[in-house]
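Sequence lines, in order, name chains B and R.
Counting from 8, one number per residue, gives the positions in the first sequence under our numbering.
Counting from 8, one number per residue, gives the positions in the second sequence under our numbering.
Some hints here could point you the wrong way.
The list cannot tell twin chains apart, which means a pair is met if one copy fits it or any two copies do.
Claimed, not checked - The calculated lysine-lysine pairs, modelled on BS3-like cross-linking and capped at a C-alpha distance of 30 Å, are:
id, residue 1, residue 2
1, K138, K148
2, K138, K281
3, K281, K12
4, K132, K265
5, K116, K281
6, K12, K265
7, K132, K148
8, K138, K116
9, K12, K138
10, K12, K116
11, K167, K265
12, K132, K167
13, K265, K138
14, K116, K132
15, K281, K167
16, K148, K265
If you are wondering where the hints come from, they were derived from the structure by calculation, not from laboratory data.
Nothing here was measured: the structure is a model prediction, and the numbers come from that model.
Residue strings, one per chain:
Number of protein chains: 2
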Amino acid sequence: MTFEKVSVVGLGLIGGSLAAALRESGEVGEVFGVERNEESLRFALESGIADAGSCEIGPGISGSEIIVLATYVDTMAQVAREVSGFVSPDTIVCDTGSVKAPIVREMEKSSLSIRFVGAHPVAGKETSGVKESDSGLFSGKRCVVTPVENTCSEALSAVKMLFSLLGSEVVEIGPEAHDEIFSLVSHLPHAVAYSLVNVVASSGEGENIFDFSGGGLADFTRIAGSSPQMWAGIFIENRDAMLSAIRSFSGKLEEIEKAIDSGNVEYLETLLSKARDSKRNLGKK
Amino acid sequence: MTFEKVSVVGLGLIGGSLAAALRESGEVGEVFGVERNEESLRFALESGIADAGSCEIGPGISGSEIIVLATYVDTMAQVAREVSGFVSPDTIVCDTGSVKAPIVREMEKSSLSIRFVGAHPVAGKETSGVKESDSGLFSGKRCVVTPVENTCSEALSAVKMLFSLLGSEVVEIGPEAHDEIFSLVSHLPHAVAYSLVNVVASSGEGENIFDFSGGGLADFTRIAGSSPQMWAGIFIENRDAMLSAIRSFSGKLEEIEKAIDSGNVEYLETLLSKARDSKRNLGKK
């Protein structure tokens, strides 16, 4: 037994999958779930995703060695403050959000301080909700942890251990570097996918235009089905990196636009070859 | 036997797959391939992709009921002119390119005229070349044919029959409407994917940034691996529709950018919900 008790706050796709995976690991004595939606909580308890649970953050979470926060990024800090009222001074708290600097820097100044560890399991689906829970969601995926100067080493080790139990490969990156990297490889692609679907839908070609999405669009529509509420929160929490990523992207697209406009096929080929070659390097890994 | 002889000019991924599928159908007496790359031609003949072939457009293609052009879109018109020197007045010619109006309108004025049928099998992979040929490539996929006022009905029927033999669902659309639709559902997504990979690669985060592409980028990198030469040709052939598609897309992305910049989370959610809902409608089909 690695942990006597772990609490998971927020039983959506991530929280539910995490709770289910912890139970399946056999390394956690009790998995306690907090979920304000009663129907979701009932589902989690009836289907064995959590051992016990409650609808509100309260005394039920006390006695946990680790509390995992799995709510939307724009509510995470508030949830952390509520949690801190019910835990002993040695309880470790981690989150699971896609944006790290705002929460990590705010927690540095909070009562949790050295016992808070920012974490981002790089896993997900375009679906959401506890009924989509999948105990294998984190297996073979990366989990980024973002310790800062005053993070206590015991807390860091415990959080790394927890994500290792889920089958994840844990890597350490600073919170600001994390947000810059993920603005490019995750948040920007989502903004682009949403924009692409919006421009096709509003083209005046009618709904049947989607019948032809096999020509390329289909690759983008999967992630455009992701939760708007969750992604709006992520974009705004990671505001500065997002704005910079969108501007850089617009610059690259404008290069292609200008090459098309001027009919410069050689230059256009050079621009596309650069991307193809980068993609090939990626394929080698 | 539906056709005594069909010639395929250009044995790349599309031409090679098409020749292989025609042979497999058992409905074509002889499949003759033209491929100027000697090694590719040899491969096609040795692996049974074509029954016979030559390195140049010449007398070998005569006697064909249909000649299928499968070269890059920016060379298609020139190839059609060369072909017309070796065929009888009743030979039907079709192409397979991703852009239709330029070739169709040019052929209207050529000696092929009523016997030319524009066609676009909506199938492909990010790989290219005859060695990637796959006789199942067109099965269950759409093939758009773009007849115009003076296209003779016999030619149209024969080309529709040919693509039906490959297992494709054939639909008729005007060439200009085709180019507008595909600028949105195929050409724009490719331009966007290339730009996205270029911005990530040039971010200064180093090559390791691609290790995190599971967070969304991976969905886009597949099509950014497509042939730069082929896609540069497509973008430029479909110039006006492409420029208009890129501008509309940039407008949609700018809406998201402004909502992030002003911190307007409700409006941002509305923009993303629109895309999610369109994607759901797509999923119903």
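Now for the hints, and whether the structure bears them out:
no., hint, result
1, K138 - K148, "within (21 Å within a copy, 33 Å between copies)"
2, K138 - K281, "between (42 Å within a copy, 24 Å between copies)"
3, K281 - K12, "neither (50 Å within a copy, 41 Å between copies)"
4, K132 - K265, "between (36 Å within a copy, 27 Å between copies)"
5, K116 - K281, "neither (44 Å within a copy, 38 Å between copies)"
6, K12 - K265, "neither (59 Å within a copy, 44 Å between copies)"
7, K132 - K148, "both (13 Å within a copy, 26 Å between copies)"
8, K138 - K116, "neither (36 Å within a copy, 61 Å between copies)"
9, K12 - K138, "within (23 Å within a copy, 56 Å between copies)"
10, K12 - K116, "within (26 Å within a copy, 79 Å between copies)"
11, K167 - K265, "neither (47 Å within a copy, 37 Å between copies)"
12, K132 - K167, "within (23 Å within a copy, 40 Å between copies)"
13, K265 - K138, "neither (47 Å within a copy, 34 Å between copies)"
14, K116 - K132, "neither (33 Å within a copy, 52 Å between copies)"
15, K281 - K167, "neither (37 Å within a copy, 38 Å between copies)"
16, K148 - K265, "neither (39 Å within a copy, 33 Å between copies)"
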